[in-house]
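> Please arrange chain A on chain F, whose structure you already have, making use of the hints.
There are 2 protein chains.
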Amino acid sequence: MPITTAIVLPNLAYLGAASNYLEEIYEVLGPLALFDGFTPEEHSILCDYMECYAADAGVTIFSEGEQGDFMMLVLTGSVNVIKHDKDSKEKVVSEVGPGGFLGEMSLVDGQARFASCVATVPTDVAILHRRDLAGMVSGQPQVGVKVLLLLLQLVTRRLRDATTRMLPTIESNWI
Amino acid sequence: MPITTAIVLPNLAYLGAASNYLEEIYEVLGPLALFDGFTPEEHSILCDYMECYAADAGVTIFSEGEQGDFMMLVLTGSVNVIKHDKDSKEKVVSEVGPGGFLGEMSLVDGQARFASCVATVPTDVAILHRRDLAGMVSGQPQVGVKVLLLLLQLVTRRLRDATTRMLPTIESNWI
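As given, the protein sequences belong to chains F and A, one line each in that order. Heads up: the first sequence begins at 1 in our numbering, then just goes up one per residue. Heads up: the second sequence begins at 1001 in our numbering, then just goes up one per residue.
This is chain F alone, in the form it adopts within the complex (with noise of 0.2 Å):
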């Protein structure tokens, strides 16, 4: 069953559901290898598994560290992703726009926020929580099955370049 009760984020202004955003939100997915083979019916159905949240600048809109069971997809505007050292020092690690996906560790796990996410401009951001994501894989296996595989791929990837980006630390080990 499509969201009936909007998460709360209390740094974030709630936009609505995300299918009052169909368009803007297909400019953003369209283009993405990830998200090949999607109808607009298909994209409309996930839609409505998704809220809109509005972050001012500056606004963080999850630290790292906090439990987490959401992901979002950057719509507009610019989020740094932010670590902190040993001595607390923040550390911008990246810097992610429209079309970027964050958060989708703790969508699946459930675990620690790895990193803080922090809005650099205003910033619209669609997102899917892990109960919605139950509920649409219960209620529309065929788009469910889509949105996994979407995940996986994306989780994968990012795998991919952190095993690759470690590859040196490894190495150095070896010596």
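For the record, the hints were derived by calculation from the structure and aren't laboratory data. Quantities reported herein were computed from a predicted structural model and do not represent experimental measurements. Don't take every hint at face value.
Said to hold, decoys possible - Computed Cβ-Cβ distance ranges for the label pairs, DEER-style:
{"no.": "1", "chain 1": "A", "residue 1": "Glu1095", "chain 2": "F", "residue 2": "Thr5", "range": "31 to 37 Å"}
{"no.": "2", "chain 1": "A", "residue 1": "Gly1099", "chain 2": "F", "residue 2": "Leu167", "range": "47 to 53 Å"}
{"no.": "3", "chain 1": "F", "residue 1": "Gly30", "chain 2": "A", "residue 2": "Glu1023", "range": "33 to 39 Å"}
{"no.": "4", "chain 1": "F", "residue 1": "Gln67", "chain 2": "A", "residue 2": "Gln1142", "range": "28 to 34 Å"}
{"no.": "5", "chain 1": "F", "residue 1": "Pro168", "chain 2": "A", "residue 2": "Ala1006", "range": "46 to 52 Å"}
{"no.": "6", "chain 1": "A", "residue 1": "Asp1161", "chain 2": "F", "residue 2": "Thr39", "range": "33 to 39 Å"}
{"no.": "7", "chain 1": "F", "residue 1": "Lys86", "chain 2": "A", "residue 2": "Asp1085", "range": "25 to 31 Å"}
{"no.": "8", "chain 1": "A", "residue 1": "Asp1161", "chain 2": "F", "residue 2": "Pro40", "range": "48 to 54 Å"}
{"no.": "9", "chain 1": "A", "residue 1": "His1084", "chain 2": "F", "residue 2": "Val121", "range": "42 to 48 Å"}
Even glycine gets a Cβ: it sits at the ideal position worked out from N, Cα and C.
Using the frame of chain F, we list chain A on its own:
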């Protein structure tokens, strides 16, 4: 439709359909948290889409850099995961025993194998090919969804490990 043509893995001996080894596979998968929520019937359907192979000690199951489109579950024995460093010297990066999964990145993205897998003792594996995963998702969607979720959790766990291990590298670049 369940498997009709076995894939050819030249270094391995074909043992037959995984459905001939239902109990052995359940014994290995049953204790895994990832496998939680599979009924015996769903387990049996999953096995309809997998095949079993045996590798002698010393046999390379697949090699770093080659194209791949299957993953495997180790049933018995042990497999070394080996990377080559810049000077082409081999290094064992992990050792995987019964219940361990290998090769899931290439199953998902069809890209080159990140590392080589070599059996250190006589080893039996159950193999899931990308073609058969697709067949399961369309032919047995309720099991297909569970397998996609299992894979998503597996890849996410690996990503969390990799990003955590990668942290010192990132931090050393900050200075």
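> Determine for every hint whether it applies to the structure shown.
Outcome of the hint check:
| no. | hint | in the structure |
| --- | --- | --- |
| 1 | Glu1095(A) with Thr5(F): 31 to 37 Å | 47 Å, violated |
| 2 | Gly1099(A) with Leu167(F): 47 to 53 Å | 26 Å, violated |
| 3 | Gly30(F) with Glu1023(A): 33 to 39 Å | 48 Å, violated |
| 4 | Gln67(F) with Gln1142(A): 28 to 34 Å | 29 Å, holds |
| 5 | Pro168(F) with Ala1006(A): 46 to 52 Å | 40 Å, violated |
| 6 | Asp1161(A) with Thr39(F): 33 to 39 Å | 36 Å, holds |
| 7 | Lys86(F) with Asp1085(A): 25 to 31 Å | 28 Å, holds |
| 8 | Asp1161(A) with Pro40(F): 48 to 54 Å | 38 Å, violated |
| 9 | His1084(A) with Val121(F): 42 to 48 Å | 44 Å, holds |
Taken one by one, the earlier hints fail for this structure at numbers 1, 2, 3, 5, 8, listed in ascending order.
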